[in-house]
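**Q** Below, each chain spelled out in residue letters.
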Amino acid sequence: MSWIDRSRGEMSRSEVWVTGLMLLCCGIGTTQSTVCVSGARASDTLAIEEESAFRVAADRAAGAVVRIEAIGASADGIGGVAEAAPATGSSSGLSVAANGWILTTSFAVPKDATQAIVLLPSGMRQVARVVARDLSRGLVLLKIDLQDGAELPVPAVSPRSELAVGQWTIAMGRAINHAVPSMAVGILSATNRAWGRAVQSDASVSPANYGGPLIDIQGRVIGILAPLPADTAGMMTGTELYDSGIGFAVPLEDVMRVLPRLQQGESLFPGILGIGYQSRDLMTAPAVVASCRAGSPAAQAGLRPGDTIVEADGRPVTRIAELRQVLVPHYAGDTIDLVVERRADNAAPHRITSHITLAASLPPWRRAVLGIVPSRSVRPQSTDEGDREGHQRNPKRGGPSKGVTVAWVWPDTPAAKAGVIAGDVIVSIEEQSPDGRAGGTEKVPVDSAAMLAGLIGGMEIGQRLRLSVLRGKETLLVEVAPAAMPVAVPENMPISDRDVNQTTIQRLEAPEVAKPPLAVLPAASSEQPLGVLVFFGMPAAAADQTDAARAAVWKAAATRYGVAVILPGSNDPQRWGREDMAHVARAIESLRSQRPIDPSRVAFAGRGAGGSFAWLAAEAIGPAVHGVAILDATLPRQAIVEPAEPGGSRSVLLSRSSTQPVPKLDADRKRLEEAGYPVGILPDLVGDSIPTEILCGWVESLGVL
Amino acid sequence: MIYYGQQSQRGHEALMVAVFCWIAFGMGAAQAASPEETIAGAARKVVKLYGAGGVRGLEAYQTGILISAEGYVVTVMSTVLDADEIDCVLDDGRRYKATLTGVDPRRELAVLRIEGEDLPSFSLQESPRVTVGTRIFAMSNLFGVAVGDERVSVQHGVVSGIVPLDARRGAYEAPYRGDVYILDCTTNNPGSPGGALVDWHGRLIGMLGKELRANASGIWLNYAMPIEEVARGYEAIQAGQAATPSDSQSPAVGMLFDALRMGVVLVPDLLDKTPPFIESIRKDSAAAKAGLRPDDLLVAVNGRAVASRTAVQQALADLAEGDPVRFVIVRDGAIVECDLGQRPSDARKP
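For the record, the sequence lines run as chains A and B. Note that numbering that gives the first Met the number 0 has the first sequence beginning at 0, numbered continuously upward. Note that numbering that gives the first Met the number 0 has the second sequence beginning at 0, numbered continuously upward.
These are computed hints drawn from the structure, not numbers from a lab. Hints are not guaranteed to be accurate.
[What the hints assert, rightly or not] Not everything, but these chain B residues come out facing chain A in the computed CB check (under 7 Å):
1) Leu123
2) Pro127
3) Val144
4) Val146
5) Val153
6) Val162
7) Leu164
8) Pro274
[Said to hold, decoys possible] Only part of the chain A face toward chain B is listed, based on derived beta-carbon distances under 10 Å:
9) Ile47
10) Glu50
11) Gly71
12) Gly122
13) Met123
14) Gly172
15) Gly185
16) Ala189
17) Glu578
18) Pro595
19) Ala674
20) Gly675
21) Val678
Think of the CB as a built atom: it goes at the ideal place given N, C-alpha and C, for glycine as much as any other residue.
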């Protein structure tokens, strides 16, 4: 259609009009009063002139906006769990240097794309080479060879320092129609998002313009439109936000700073420090180190569990969020300055400054355990309180630390082999050098099970340790080296002496949840808190059992092992969906307010579609889930499988899917094991039965240290 | 490098424009109505429709546009209209029974009639110029939140793109394949279908479509059918010429055309999105004559990007018998274009 096309002549004409209007408003002072007098009409004309201004701005940037076509990319489209659509391969890109350098997103050109093609505004196709990726911001740098000294336009950069929330922004792309770039208009909503890596706009940002520019009203590029980095807000991907009035762009100014490195073919990775925090509450808790990964930059710099990070790159840090704000924008290879505060026993805290070079990856981490189950008492499990009490109590009492009582020792584990028995109290732990001599680190007093978990969690398999153990009035020294977390369920697990008649079946009411999930709740006390198993069965429409029957199946096993079993139903009768995850999170909160629960033994499981969903739900809810059992199903395609981290590891049980071939099970197992997760394989399920005994016993075993 | 901006050369002209504007303001010659007046004027011509539905996933309400003083209303053909009685409510609360005059299945357009006189209405004769960037208001009965004499809801935005519709919802494929306006405000809401798209002068420029996902990206579309197309559908219905569904469906929707019939053997389809590499070429075929070779990677068929093996077969199926076929391939890191002559017929040869 001819009226779609716009000639260059018209563009220049509208530029003239806007310039004219600017002169009118700014240049001729006396006109000001005239405009006010004719009030309404001036504002009406303003609306029309604004439209012209949007067009002029878009026209200035348009020449630098290209279409990207990816061939053979298997990216799951968007829509998350419930609806996955195939990606088209069509997206947008931005020219950033005249001789054929194009930036786009990893959404447009995923890692497995066979070939990327750049379609220039002229309609000419060019083969593109993937030169480098920025894995921190999800960008890809492409290079095309331009013929005969041809050049691509390069847009001006809108400086980050000039950005103001509320200013006009225009999101552009060429995926909708390659001949005429698309426009979506909105305002700048925030200048600092995704821990400093993105700005936010309410212009419509979607797969239709990812990779294109977000420009200001002068036509300068603010940033590259991109999905929210997946690690930002507990979202699985940022792509679901497209109709929400929330869009993101990676500031071009930041990208231009690292462009020479990308042009050299250097891919950029998020910088990793290698620590786990004592608290998961980013917004209020101080940055107290719970664990340091062996071989990590933090460990090499000498950081230790118990250290509090108080300053980063010269900025004071009082909460974990402030530290993340400094850390996350950094790439691997960047050096940061950290100041930590350390308290030795009975001594005043002192400050230590370190220069730490961040790493791109850490050696694969596997959960190492001694094989003991600590005595369960809810109070010391709360790390925040334990820490605060510890700081106040120790100097006053001046006595030895309280220690952790061993409730049970798992047979054939390092602790069992070293002769540790139930009733022993572990009071301190000391790392030893490989040749057996103590040295390097101090003897660390053990105050709580959580602290012991943090200490052991940061250690490598085979690290030699010396434990001080109190048995009766004797103090023993036990030499032991942690081994890989076992997955098999031990046969002689201690069985609780709970009365099955005290186990109740009830609904876990929670605000805003229409269909509260059913729960099987054994008796519990603060000395005997419950483990938690959330079991996702078939979606509501496919479940042929009544609620009562579903719950009854679990009663015996739940009582025997002291596990609260939550049985959610799907909101959509056909499938599990995102809203179900939110309901489960609320149900767990509701349970927490009713019964003492042990946070180290929280697991998700499911069968069939529910099994795949259990994995996604665990990923969404995060490190609070310590085990996932996927029965008669496979890892879902959307699974991210983040490498295991101290405090963020999960034991995984798999059983063969009746609808998928065996190689998929092996592939899943390999993928999980490579990411550092302990994986166990269950025998094939028979009929519709659910192995409740095995699952509840497995939940019980997750609390092993 | 190429930089934009030729204002300096045109500074003189710009100053003249400024002076002209100043004179225009001074003389009170500006013609534009305020956005509030524009909306108030347009909203009188948008009606709320209530009909069948109410079952899960199907709403019993949508929106319609008055296009004549005698009470003709255009809207989107949908299950809402499968009712014995369709209620039509104007923005002043007046309530009419509407009767279905006719439908155009290809455009999924329906015309209703209410018994009224001197009703406020849009003109279908005007066709204002619309381009990417045109500011718009979208007015509709979204989510059925406007009740009684409450005016329909108004959203604002710009026309984001203009492109042929290629969309579906579940197994339902949208039959209309002509151009639509892609909007940058969220109009894919229950009740929005049939809503009015007006420019900032208050002129009708389009009708909001039903909730659909783009075939290509899977995202929900915010779109409207251009008013010229609505007018064509309306005239066809009034003339009794609207096509029936059986003879108006796009011929090859959902069908595949095997590239083998032009002599191209693609690599086996093992992955979800197998890249369309050529495995081998049949001797003496159109592909052989065009110079295609094994290991060539197909990237476009007649200008349309083909991201996978299936996309190649879809692109070929969407061509008609006898259409010229042109492949774009990547060979040794360079783009090569090949003409394969005319596309054979759909019927398989023995």
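**Q** Next, verify each hint and record whether it holds.
**A** Going through the hints against the structure:
no.	hint	in the structure
1	Leu123	violated, 17 Å
2	Pro127	violated, 10 Å
3	Val144	violated, 17 Å
4	Val146	violated, 24 Å
5	Val153	violated, 14 Å
6	Val162	holds, 4 Å
7	Leu164	violated, 11 Å
8	Pro274	holds, 3 Å
9	Ile47	holds, 6 Å
10	Glu50	holds, 5 Å
11	Gly71	holds, 3 Å
12	Gly122	holds, 8 Å
13	Met123	holds, 8 Å
14	Gly172	holds, 8 Å
15	Gly185	holds, 8 Å
16	Ala189	violated, 19 Å
17	Glu578	violated, 16 Å
18	Pro595	violated, 41 Å
19	Ala674	violated, 22 Å
20	Gly675	violated, 27 Å
21	Val678	violated, 25 Å
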